[in-house]
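Top line first, the protein sequences correspond to chains Y and S.
Numbers 17 to 340, taken from my numbering, label the letters of the first sequence in order.
Numbers 6 to 439, taken from my numbering, label the letters of the second sequence in order.
A few of these clues could be false.
Listed next, with one range per pair, are the computed distances between beta-carbon atoms [to be verified]:
1) Y/V177 - S/H357: 56 to 66 Å
2) S/L125 - Y/I234: 52 to 62 Å
3) Y/H282 - S/T174: 20 to 30 Å
4) S/H357 - Y/Q254: 42 to 52 Å
5) Y/T276 - S/E356: 53 to 63 Å
6) Y/I234 - S/H405: 47 to 57 Å
Hints in this document: simulated from the structure, not taken from any laboratory.
For each residue, glycine too, the CB sits at the ideal point set by N, CA and C.
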Amino acid sequence: MNNQGLQIDDRGRLRHFLSISGLNRQLLTEILDTAESFAGLTEQTVKKVPLLRGKTIVNLFFEASTRTRTTFELAAKRLSADVLNINITQSSAVKGETLLDTLRNLEAMHVDMFVVRHADSGAAHFIAGKVAPHVSVINAGDGRHSHPTQAMLDMFTIRRVKGPDFGRLRVAIVGDILHSRVARSQIHALNLLNTGEVRIVAPRTLMPAHAEALGAQIYHDLRTGIRDVDVVIMLRLQRERMQGALLPSEHEYYELFGLTEKKLAHASPDVTVMHPGPINRGVEMDSEVADGPRSVILEQVTHGIAVRMAVMSMAMSRRKDRDE
Amino acid sequence: MGIVPGNNRNRICIHGGRVIDPANAIDALQDVYLADGRIVSLGNRPDGFETDQEIDAGNCIVCPGLIDLGVRVREPGQEHKASIATESLAAASGGVTTLCCPPDTDPVTDTPAVAELVRLRAETAGKTRIVPLGALTRGLAGEQLSEMAALARAGCAGVSNAMRPLVNTLVQRRALEYASTFDLTVFLHANDHALANKGCAHEGRVAARLGLPGIPEAAETAAVARDLALIEQTGVRAHFCRLTTGRAARMVARAQFDGAPITADVAVPYLFLSEVDISDFDSRCHVIPPLRTVEDRQRLREALQNGVFSALCSDHQPHEPDAKLGPFPSTEPGISGLDTLLPLGLRLVNEHALDLDELIHRLTCGPAGILGLPYGTLSIGATADICIFNPELNWQLDTHSMRSNGHNTPFMGWEMQGRVTHTLLNGELVYSLD
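Bound-form chain S, shown alone:
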């Protein structure tokens, strides 16, 4: 195999692809050389580089491995829905090399032990990297602070209370202050639980007709306003997860303009679906926060394009089939999205909602910056996480092509254009299409 001891192991040449690396403003036809799990060269073959493996990327795009900020792997606690092993495979086949998981596992990720368990299981599965978020409060109960410093040491990229409420704004203020002590980013799901009032659909025209309990736009905007005030008060670095309304996007844009240390993301389903899609009580479109109006969908697309949202994520929530079998309000919310993150992202490009390099930015260095991790780039010396996809390959999303354990998606049956052909994690090939 020609391995020089201590150096130059697993030398790979990715040949003939169009390399797009927004972190370095690269978009060029060139070869990529990897060794020892790192990027060693773009374009020029390093002196004495002997190839252990050559990957043909002709007609393909070569970009950094994708980073998904919103993935529930359901482990520990809900292994009947999915597991780290199953969802790691789905991630690898979707070109995703880093997943960020919220702390609402069972048990909650509020101790280093749970965080380490998640990371180690992912390492054992060996298909993708999982970065957990630690709980902001103990048991996510919203009352007492979690041991955030210990969680950070255990590899949590930030802290979050997931979708659970804090008992009051005093607890929130102190949690933000404590997190900022350790320079931790706080991941916020902006939702005023009292206003949401156990609703299951956007409080709009469709919910009015269907008689579904509504969640008003203000459940999100009131929470964003409160959060922005506390961010300003505490100076904490914060990230708004999965915003769903045009108004909230505008509030965040304004605060960013004023210099607030905030970022935000949006999830794929909210860019394609709207309240209209629940008209037939389609439980596959039951998501929380709910699908908003057609106009909100347009505003969200614009915010993704102009960078107010610097990350696009899947908000992956795999379920067992029974979870969606029932009257709409009784079904469990969430869409299985890992399989469709990149192909639906490419559809946005085809629909001229954003450019290809902008899309790849929102899937690589954008989220990497939010996490403060050195991934999402093809810089020389960077970890060799790479996604190779053929943007012209047509395929259909069906139960055979889906790799996630959860088949709960309203995009089932859709024609997709663009498919991942190879995924490399730490310089190792973890997925190839054939």
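Only chain Y is shown next, with the shape it has when bound in the complex:
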């Protein structure tokens, strides 16, 4: 069972959304176009469409999350689905129930879609391989592996700001690449959309061994890494990285890899600054940059809803055809 076999049905339509790897450019473009149609909707006073009326979507979060879970919930509600939020860190896992048992129990309640976040890489793939044929699985983040809806909302944001031609863009992703599922998905998406140049910038302790396998140019110096780039994506630095002897201090990290207006001068004059949130101000990024005119960080959040609506409705429309 490879990613593609699991994610795409025999008619080339989205069945599960687990990782960018295994998808194709056409599908990514379809997601972006569909999200564009929903984005207009969210700006209207009546924000709901009845596309998923009568469907039940379960947000199955084995790892804490506010932003992602909330936008998935809003997206589902705007598609008129019924939404159930289940936070497993505080329920069954504690009682020793296995992941598969949890899943079977929820499935017995006639759920149509699982939105899953889990601390283990590969968790969404595992679940997708086990659910009933009519159930779709959307990956909301698995370990360090993949966070495909975040990557797609970032692509959506880039396309809105820079236009549809990714071929002329240079994009740099800066920060903790080693632990970042967001970075892995972004790199895949940028490459599938034929981005001119994809760079990753980090000290060696935060760069995976064999990072070249990810499909990006490797930089260890921020100034050269962002030189002439059109988009800078900053990653969140988890505070626990100081404990694992990965970094000496937040101070030194900020000195070397924190994004300031001064360092940003090395990038293209019309550079766009992004961040998947939540931001550690004064660690990976200065407030001046985060709140400045080149930042689209809040737009990213808004776009998150439209993109998640697009992915959910696409995975479900496949099912609607089948039912008919």
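Knowing the structure of chain Y, use the given hints to seat chain S on it.
Just chain S now, kept in the frame of chain Y:
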């Protein structure tokens, strides 16, 4: 039955097979005569030998019973996975007559009582011989020495801390010194636990893409370097279990060349699989230490061929199905390998990775030498442990053909060539295919 009291009981003639016994450099079509649980003659029928049982070995290879240095039988402590009874059957049907079990049982094999329990249960099952390794440290906790002399008296063929860490190099030095006092071989799993850092995959290109926590090559090579320094310091005889990297194999080869008293083995899965096989999060390929690169796999094959590894083992780790049902990092590592030790070994021969007599050496007198036990040979007077297999017989590994209680193997569904037809332990037929 024609039994002469006190002598010549259970006389067996194995007829018409190609006898391969690397210990005696024999490769010839000849009959093998057994009596009283021992080899009495090769080729010529002894005077007055009356046969109680004749085994037709036409088109088959007759070799010493196989010796597997790395088998977890899961007993005592994890009988929901497998037991001595179930795995003894799997061993016999795979031609394996001697198993060596690491001490990480529950309770740990750190007292003579546990070692004796394991040996006696195996004797009761009567299908294979189990040789336990004793714990190097009490409870395998890595802090205090175990009663190694008592463990040796109870039948442990050596001592090991299995996959568990020692708290520091001082404890390791003293444990090696104490073991050498009693001329015990220390079985080492070279792994720097801090460097391995709870990883679950080789720190390489695949782990980078899948975002799986990686175990670097240096987790093995740094441990081998440290171990080699302490072996030289203490003069202990040591065996490196289940090496996985080409670099570690080269370090061991160099030390062997310099005369260090060391041996090493490799496990079958590492000769066929690589990091590439976990690309789809296939938990059946979740093993610790992890599957390394395609190049490492090639280096390991070479080290097996040129004798740096003098034993090939299965690293048998049977599991219940639930153990492999979960996201990759959460599943239990290990492959059930007893059923495939010989057939995959024969596949190496078919792939020209080594010659048939070299393979049989690595499965018989090679490991016997490491254990310091008088098995793995067809010498006159030796214990009649014998494996007879048809190298041309094709079969498929599936849930029906597998005898181990654990069906956790990525080789499920593979076409195998070569199958054991008879196994004899102490001169008794303990398995026959029909």
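Verification of the hints:
1. Y/V177 - S/H357: 56 to 66 Å: holds (58 Å)
2. S/L125 - Y/I234: 52 to 62 Å: Taking Cβ atoms as reference, S/L125 and Y/I234 lie about 59 Å apart, which means the hint holds.
3. Y/H282 - S/T174: 20 to 30 Å: With Cβ atoms ~48 Å apart, the hint is violated.
4. S/H357 - Y/Q254: 42 to 52 Å: Taking Cβ atoms as reference, S/H357 and Y/Q254 lie about 50 Å apart, which means the hint holds.
5. Y/T276 - S/E356: 53 to 63 Å: This hint holds: roughly 58 Å between Cβ atoms.
6. Y/I234 - S/H405: 47 to 57 Å: holds (50 Å)
Checked against the numbered hints listed earlier, the structure breaks hint 3 alone; every other hint is satisfied.
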